[in-house]
Amino acid sequence: MNIEMTEAILLTVFTAATPLLLAALGELVTERSGVLNLGVEGMMIMGAVAGFAFAQMTGNAYLGAIGGVVVGTLFSLSFAFLAITLVTNQVATGLALTILGLGVSGLWGESYIGLAGVRMETIVIPFLSEIPIIGRPLFAQDAIFYVSIALVIGISYFLFKTRAGLILRSVGDNHGSAHALGISVTKVRYLAVMFGGACSGLAGAHLSLVYTPQWVENMTAGRGWIALALVVFASWRPMRVIAGAYLFGAVGIAQLHIQALGYDIPSQLLSSLPYIATIVVLVIISRNRRLTLINTPASLGKGFVPDR
Amino acid sequence: MGTLSGKQETSSNSNFMLEVREITKKFGDLVANDKVDFTIGAGEIHALLGENGAGKSTLVKMLYGSLQPNSGKIVWKGKPVQISSPSAARHLGIGMVFQHFSLFDSLSVADNIALSLDGEFTSREIAEKAQELSHSYGLPLNPDSIVGDLSVGERQRVEIVRCLLQNPDLIILDEPTSVLTPQEADNLFVTLERLKSEGRSILYISHRLDEVRRLCDRATVLRHGKVVGECDPSKETASSLANMMVGGEVEDIKRQSGNARGEEKLLVLKDISLAAATPFAMALKNISLEMYAGQLLGIAGVAGNGQSEFFDLISGEITIPDNEKITMRGQPVGELDINDRRKLGAAFVPEERLGHSAVPDLTLSENLLLARHASDNYAYTGLGPVQYIRKDALLQATKRISEAMDVRKSGDNPAASSLSGGNLQKFIMGRELDRQPSIMVVNQPTWGVDAGAAARVRQALIDLARSGSCVVVISQDLDEIFEISDVISVMSDGHLSEPIDAEKITREEIGLLMGGMADDEAGVANAH
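Quick note, the sequences are listed as chains H and C, same order.
For the first sequence, counting from 1, position 70 maps to 70 in our numbering; every step adds exactly one.
To convert, count from 1 in the second sequence and add 308; that's our numbering.
Isolated chain C (complex conformation):
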């Protein structure tokens, strides 16, 4: 393990912009933050690392005044302070860029910015200031556009500009790059470096360890609500940082190289276009795809470029009148609904775990039945048309799946909502894998899932492909895409690029495709 510096700074050191001393926050019996200590200097980019549920968000919410600590103190520029509300935090000079953007879809950019400014400005003044500022930091924005119409990258710009307009001394960024293309992320880093050079401090929360190593001056690592280490990330490797976060070795993914592609075409889409169903949705344009047995396709792209529409199209959530345009194992399925497609051996895991993949208030076994009542009706229901539910068989299957995927839960059959995100995802993946599907389509398999669970999910997907199924993984995580895919496509503005062998494409080329560069231009880049 790398350099874990154990040196204690004294609180009299006034060089610190912010000092957090022994902060504790409890939710009932759960101790979300246990005597957390850390400091940020002026002009420092400080990383906060930790798995999901390690307590990062809780800590940050206390710094931004939306939660109050049970004990401990916060020292701001040498003075102990009580941060009683977000507005108090803004007055001190603490600004925040949220992970799940705290924007209002139906309002204009200028209105969104106006809402976070406490002063009385006319919206014209705000629009002008916002435009001026956004140009000076290279974050172009049109103040009159409606936020609901913006791309995710643009929304983040709104968040950042909104934060900068308050002229903060400390800027908290929660997972800022998780929704950006590599190029957009690079632009963000330039902006952050500039803010740093102006003497502002930045608290940077990210799962992406490469970024942290590249950008951050210091890092504090949280595990189970406690600080377990502080280090200089540039002197660590990504895997040593990951081990510090997880508190043990993360298993490496095993993947045999070489082409395991079979002869049979399992999933074929022929030139499908689909109009956008809502103003915030994306139209699909001329989608074609041929997937062979044993192939694992990774679809990269920034969220909101048509991935969810594409997923719905394959899963049967959206059906198309032209039955022949989608075939699964040679059968036309365009008009078939989800259950009919499942009966053909397909399996689907949508992006949203609670509310889409699983009903939060129902137990795991009930959720299992909901997904598989049609495809496995003989196994789980009895008495013919009565469809009497065979509880024993369901409980047994729940147990089998939980063991196979190492799902950690309280009790044998708890409600889906009581599981952590990672464990629920493992269960949902297990629920589908348990059927040995010949076609598996997964949207964002490891979004918000901690490193250990993510490794397990990825390994399971690779194993399924190796056993002769075709697997489609839609992900925003480029590392994941490269780790597991045989072939890679990029979804951009409703287009799906031609799949390219994973070993023949670089991150830069994918980045260009994600940014919406046409295939032929990327092809030129490929020729170099």
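This is chain H alone, in the form it adopts within the complex:
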């Protein structure tokens, strides 16, 4: 394999992995606060259609991306209201959000089908992009890719080095104790869910503005579910999310290449690989129970009703 081909493959892997990374980072923050939002797929598809629509309207891909973020956030607010304020079952509410998102986006995007989209331009960073092999895949990318990398570092710092991050983790670990200390569990969780919505929205916008600049109904194609698996795969650690996202992205790309090369491997088997990988990782990490327990938000998925 020559250098150019390696570069090209790495570039496609990074591009394919960026939406997974973004959505998983958002869900990681949400889950660290103790909320399980299974609506990632729904929020992503809303971000995708909104990103496409706003880019069409304004002719500017960046405004499109911002539109995706805003719509993703607003969409997640409906989940937050139900699951946090009304304390509905988080699993059921999240599933409903996904179904709703797929439906609403189909309706909204009907007139966009077949239109040419606005592609977000590549920002080439001088000198760094000339490094052999990794230069182009890492430093000649779109803005959303750079944002995703910054978010990994930012979220790591936020969660483990700042007081606000500590408060977020404490709410996810034991909401009763957090409440007793005077921390507003509801407020923290609202913000965490909204951040998750924003990240999913941006992930969706990446799909319709960078990965395949067009609108196709159901274009997220299960990436939201992969992102959810990724959070568990990464045992709620941002730095592991990035490794997992690129691994899963590579699996997705390998699927295409293997088929193109004519190997007789069923595509269903390949597309199930991320989930199989997650199961394998779950089996491996659950052998070390101490790490799992310390990393897993203990109040994940449990509604909080303060005594009044």
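If you're looking for bench data, these hints aren't it; they were derived computationally from the structure.
Heads up, some of the hints might be wrong.
Label pairs and their in silico Cβ distance ranges [as the list claims (entries may be wrong)]:
(1) 222(H) to 629(C): 37 to 45 Å
(2) 147(H) to 378(C): 44 to 52 Å
(3) 239(H) to 453(C): 19 to 27 Å
(4) 596(C) to 254(H): 51 to 59 Å
(5) 77(H) to 381(C): 37 to 45 Å
(6) 695(C) to 176(H): 34 to 42 Å
(7) 629(C) to 132(H): 52 to 60 Å
(8) 578(C) to 86(H): 53 to 61 Å
(9) 147(H) to 453(C): 36 to 44 Å
(10) 222(H) to 337(C): 36 to 44 Å
All values derive from a computational prediction rather than experimental measurement.
Glycine included, every Cβ here is placed at the ideal spot set by N, Cα and C.
Given chain H, put chain C in place with the hints provided.
Positioned in the frame of chain H, the structure of chain C alone reads:
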């Protein structure tokens, strides 16, 4: 009854650190606090006494700002105040050490402390301050350890240090010694005396009347949400205090002394070791036990030293591959599950009442069926393999049990969660006793149960042992252990000490064993 001082202090007296005037709190129809009045002076250790459900926790939550009163006022250092949140309480100088620790298991000690401090400190600064403070009060702590790995006593230290770092003038302690060894409790009292000498006030909530008498300057007694008395506890006896709390005489436990031990070995465990299943669990180390008919064994120890694992091992919640290592009535049962062990005549009452002993949302009769569907399938189910549920038989049994154990409930067959802790415990005990089990194992039989119900439960356990069954009681309450046991063992760090005759062992020796002193050292102490 002792000296019930009825004198009224005037609210203009500014010597008080805190005055509570006619505070009322209602939850729906339930009046949890009804015009509660009391005061705490500077440098005073004030006890708040009352049975479960008397309204102590509600009152304390209002003082700490996590609940708001419906009416009444709180006067802090002579000024009326609204305590709108825990953070407001901390700003006033009110600190709280919670009963069910409000700690975060997955975070480090320093992080846990940082969360309760409102100021902006780096975690390094907090770690240093915490370490300094903890050493000066003799409460050693490592700020970098993860709370989930700490013992219960150490967790309480974290709570206390966290509270002290806020430099409070009033410290509220809710049942602080219920999880400590006698030695740890003594250390706590030294710390409290020192805080008192610094002019700080302490509000001390405890079920342990001996402690209250020893430590506290004044006591306020609550019953059904009302103040029923105020006294100087050092001038009272434990039983006069108990009577004030209960509002009537607590029945004394009747126990014939002398050895009722039979010949038959009912329960035998042979040298069982078990690895810890989770990082927060305890490994069991070389557990051996021989229990004879008619024996009541009390297992003392601080929570989290392997008691729940030990319980699960006997009950069959954890099975072991080596079938011969546990025998019940001569039958090897190591591989058998709970129902198979129950069929051999064993009965089990786990520690957690709701969620483990009983399903909260199911009715009492349904909970009865869940526990006994296998061991009493002829009585409660019909039509052979169809297992049709015989509701009448279940309701009748529910009624019989409720009457036998004096279970107070609303309606004939309410949901388990609607019963108070004490009444549910009486029902669960009754559910097992009703079968006349030949082996009965109970974990924390009277935890959080008020004095009247506790006496009933203890008497029932003694009666069962006297009728020729073997009974194992795991408890953190040393008074209870001494009150009911024929033989006493101590669980410490996954070890079970050799059972010793209850009349031949002292509290101090048990304390040493609980603190993890080796058997031989305690043996030396025993020789004195």
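Okay, the hints, checked on the actual structure:
no.	hint	verdict
1	222(H) to 629(C): 37 to 45 Å	holds, 42 Å
2	147(H) to 378(C): 44 to 52 Å	holds, 51 Å
3	239(H) to 453(C): 19 to 27 Å	holds, 23 Å
4	596(C) to 254(H): 51 to 59 Å	holds, 57 Å
5	77(H) to 381(C): 37 to 45 Å	holds, 40 Å
6	695(C) to 176(H): 34 to 42 Å	holds, 39 Å
7	629(C) to 132(H): 52 to 60 Å	holds, 58 Å
8	578(C) to 86(H): 53 to 61 Å	holds, 55 Å
9	147(H) to 453(C): 36 to 44 Å	holds, 37 Å
10	222(H) to 337(C): 36 to 44 Å	violated, 52 Å
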